[in-house]
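Each chain is listed here by its residues.
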Amino acid sequence: MATIEHGGSSFDVDEDGFLTKGMEEWNEHWVTYVKDIEGIGDMTDEHWKVVNALQDYYKKNGIAPMVRILSKTTGFPLKRIYELFPSGPGKGACKMAGLPKPTGCV
Amino acid sequence: MGYDPANPMVDRITDIGPPHFEQFFPPVVKKNYGKWLYHEITQPGVLMHKSETGDECWTVRVGAARLISIELIREMCDIADAHCDGYLRWTTRNNVEFMVDSKAKVQPLLDELASRGNKFPVGGTGAGVTNIVHTQGWVHCHTPATDASGVVKAVMDEIFDYFTSMTLPAQVRVALACCLNMCGAVHASDIAILGVHRKPPMIDHDAITGLCELPLAIASCPLGAVKPVKATNSKGEEVKSVKVNADRCMFCGNCYTMCPAMPLADPEGDGIAILVGGKVSNSRSMPKFSKLVIPFLPNTTPRWPETVAAVKNILEVYAKDARKYERVGEWAERIGWEKFFEKTGIPFTIKSVDDYRLAYDTWRTSTQFKFTSHIK
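Chains as they are written, first to last, in this note's numbering: chain A, 1 to 106; chain B, 1 to 376.
The set of hints was computed from the structure by calculation and includes no laboratory data. Every residue, glycine too, gets a C-beta built ideally from N, C-alpha and C. Some hints could be false.
What the hints assert, rightly or not - Below, in silico cross-link-like pairs of lysine to any residue (SDA-like), each with a Cα-Cα straight-line distance of 20 Å or less: (1) A:K35 / B:M9; (2) A:K91 / A:G41; (3) B:K370 / B:A309; (4) B:K240 / A:P102; (5) A:K59 / B:R116; (6) A:K59 / B:I13; (7) B:K240 / A:E25; (8) A:K79 / B:V10; (9) B:K227 / B:D247; (10) B:K235 / A:T20; (11) A:K21 / B:A207; (12) B:K240 / A:T20; (13) B:K31 / B:M9; (14) B:K240 / A:D36; (15) A:K91 / B:L216; (16) B:K235 / A:E24; (17) B:K199 / B:C252; (18) A:K60 / B:V239; (19) A:K59 / B:A231; (20) A:K79 / A:G39; (21) A:K79 / B:I16; (22) A:K60 / B:P215; (23) A:K59 / B:L216; (24) A:K21 / B:P215; (25) B:K230 / A:E24; (26) B:K230 / A:N61; (27) B:K227 / A:N61; (28) B:K343 / B:N313; (29) A:K59 / B:E213; (30) A:K79 / B:I13; (31) B:K230 / A:I63; (32) A:K21 / A:K79; (33) B:K105 / B:R116.
As the list claims (entries may be wrong) - Incomplete in silico selection of chain B near chain A, CB under 10 Å: (34) P5; (35) N7; (36) C183; (37) P260; (38) P263.
Please put together the full structure from these sequences, using the hints given.
Here you go:
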């Protein structure tokens, strides 16, 4: 486990850079940190729409939404989500939103 | 330009797929593609395909460890350059095939392969034992109950003579998977080696928050043994966690796959189960699933003598008793599974009796059976 300092906040992260304590430690400094390492230029409203959709769904259901649900709630097709988050909805958007690292045979 | 981490999307190439296989055809294969008349196995490991144009393609199949270094790949490339105009291929069981276009070129190729010690054993054709399809094991995976490469090496060493000969009733496919995800061919192989756990998962209440999506862990259980609970972590805080009903748990490890805070690997608990009788081909009988015959053998590193002995025993009894063309599963079903257990001397245990959902159809709803040593 490593600790990352960014913008005055510190975050516990795992080897893939996901927050190990989840949304407890999540704040806007984390978003700017992930934005830089994921090669995302500026945070647009569209980025925030995806991040908020993920967080809302996670708080309500305890899991990350399936890709089809994320597309439906945000209105972005998968292609657009990849344009916003080049690493994809799992490694990019979920990481930025402070969700747990995706598991299973990925 | 090289990769620029500051601009990861610049000059990025994607969605180009694999190169077209035709680019790598040996000339004789390219010329006779779709025109083959018949083939022969001239000796173990050597095949000859005859084309309607009169051309011949001679193939020499050699065993490979699947997990190989770039040095070994380069050595294979050197052999291919020297004998096969730079062409070679891998089979679906991870053997390597060198192809030449005339009989005269076969013996120099065989001599070259033999001159390199045991690196390139020729064989794997016809009614023998070819390569073992296997998985990651302790080399790379996080959910294994046993090793893959180590067990495969130990087993193939013992049954090596069956790789270089064609003396069995039919081909015997051996496969290994290091957990019951069964990556590969374990569920449909003549003899299957499978890593199994025997203890329920341990739950790390300190790490589960932020690491796991609890509903996924709950839904991952095939027996409904995982339940959500409020638990107390080591700091005395109440956290949302899960509980495992140990009486319902059959140690599949699915919950650990979904939730890293539920590890279950255990050096004494983990080991190997042996399944037999699967096949995928449709020849003579329909494809079959392999069935559990030995519920547990220990992980005895580095040579797994119990597993090796069990595989060899099944293979030898089958070789002696089965009819020509009969696969292990066809043989066991013809003589009856009670006879299979008697002939192989494997003790029949309660673990072989199916008790999962559709189990009823696997029980005997008939008076037809043979008296064997297992019925006292």
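Hint check:
With a C-alpha separation of about 14 Å, the suggested pair K35 (chain A) and M9 (chain B) falls inside the 20 Å cut-off, and the hint holds. Pair hint K91 (chain A) plus G41 (chain A) holds up; C-alpha atoms about 17 Å apart against a cutoff of 20 Å. Note on K370 (chain B) and A309 (chain B): the hinted pairing is violated, with a Cα-Cα distance of about 27 Å set against a maximum of 20 Å. Restraint check: the Cα-Cα separation between K240 (chain B) and P102 (chain A) comes to about 19 Å, which is no more than 20 Å; the hinted pair holds.
For the suggested pair K59 (chain A) and R116 (chain B), the alpha carbons sit about 61 Å apart, so the restraint of at most 20 Å is broken. Restraint check for K59 (chain A) and I13 (chain B): the C-alpha separation of about 37 Å exceeds 20 Å, so the hint is violated. Distance check on the hinted pair: K240 (chain B) and E25 (chain A) sit about 17 Å apart at the alpha-carbon level, within 20 Å; holds. For the given pair, K79 (chain A) sits about 17 Å from V10 (chain B) by alpha-carbon distance, which is consistent with the 20 Å threshold.
A distance of roughly 13 Å separates the Cα atoms of K227 (chain B) and D247 (chain B); the hinted pair therefore holds under the 20 Å criterion. Note on K235 (chain B) and T20 (chain A): the hinted pairing holds, with a Cα-Cα distance of about 16 Å set against a maximum of 20 Å. The hinted pair formed by K21 (chain A) and A207 (chain B) meets the criterion: a straight-line CA distance of about 8 Å does not exceed 20 Å. With a C-alpha separation of about 15 Å, the suggested pair K240 (chain B) and T20 (chain A) falls inside the 20 Å cut-off, and the hint holds.
For the hint linking K31 (chain B) to M9 (chain B), the alpha-carbon distance of about 42 Å lies beyond 20 Å, and the restraint is violated. About 32 Å separates the Cα atoms of K240 (chain B) and D36 (chain A), which puts this hinted pair outside 20 Å; it is violated. Among the hinted pairs, K91 (chain A) with L216 (chain B) is consistent with the structure: their alpha-carbon atoms are about 18 Å apart, no more than 20 Å. Pair hint K235 (chain B) plus E24 (chain A) holds up; C-alpha atoms about 16 Å apart against a cutoff of 20 Å.
For the proposed pair K199 (chain B) and C252 (chain B), the alpha carbon gap of about 9 Å is at most 20 Å, so the pair holds. Restraint check: the Cα-Cα separation between K60 (chain A) and V239 (chain B) comes to about 16 Å, which is no more than 20 Å; the hinted pair holds. With a C-alpha separation of about 19 Å, the suggested pair K59 (chain A) and A231 (chain B) falls inside the 20 Å cut-off, and the hint holds. The hinted pair formed by K79 (chain A) and G39 (chain A) meets the criterion: a straight-line CA distance of about 17 Å does not exceed 20 Å.
Among the hinted pairs, K79 (chain A) with I16 (chain B) is consistent with the structure: their alpha-carbon atoms are about 17 Å apart, no more than 20 Å. With a C-alpha separation of about 12 Å, the suggested pairing of K60 (chain A) with P215 (chain B) holds against the 20 Å cut-off. Under the criterion of a C-alpha separation no larger than 20 Å, the hint pairing K59 (chain A) with L216 (chain B) is consistent with the structure, at around 14 Å. Proposed proximity of K21 (chain A) and P215 (chain B) is supported: the alpha carbons are some 17 Å apart, at most 20 Å.
With a C-alpha separation of about 18 Å, the suggested pair K230 (chain B) and E24 (chain A) falls inside the 20 Å cut-off, and the hint holds. The hinted pair formed by K230 (chain B) and N61 (chain A) meets the criterion: a straight-line CA distance of about 16 Å does not exceed 20 Å. For the given pair, K227 (chain B) sits about 15 Å from N61 (chain A) by alpha-carbon distance, which is consistent with the 20 Å threshold. The suggested pairing of K343 (chain B) with N313 (chain B) holds, with an alpha-carbon distance near 10 Å, which does not exceed 20 Å.
Restraint check for K59 (chain A) and E213 (chain B): the C-alpha separation of about 11 Å stays at or below 20 Å, so the hint holds. Between the alpha carbons of K79 (chain A) and I13 (chain B) the distance comes to roughly 16 Å, so the proposed pair stays at or under 20 Å and holds. Of the supplied pair hints, the one linking K230 (chain B) and I63 (chain A) holds, its CA atoms being roughly 17 Å apart against a limit of 20 Å. This hinted pair does not check out: K21 (chain A) and K79 (chain A) have alpha carbons roughly 30 Å apart, beyond 20 Å.
Restraint check for K105 (chain B) and R116 (chain B): the C-alpha separation of about 18 Å stays at or below 20 Å, so the hint holds. For the restraint placing P5 (chain B) at the interface with chain A, the shortest Cβ-Cβ distance is roughly 8 Å, inside the 10 Å limit, so the hint holds. A distance limit of 10 Å between C-beta atoms decides the matter here; for N7 (chain B) the minimum to chain A is near 7 Å, and the interface restraint holds. Contact between C183 (chain B) and chain A, as hinted, is supported at the beta carbon level, the nearest pair being about 8 Å apart and thus within 10 Å.
Nearest Cβ of chain A to the Cβ of P260 (chain B): about 7 Å, under the 10 Å cut. The hint holds. Contact between P263 (chain B) and chain A, as hinted, is not supported at the beta carbon level, the nearest pair being about 13 Å apart and thus beyond 10 Å.
Checked against the numbered hints above, the structure violates hints 3, 5, 6, 13, 14, 32 and 38; every other hint is satisfied.
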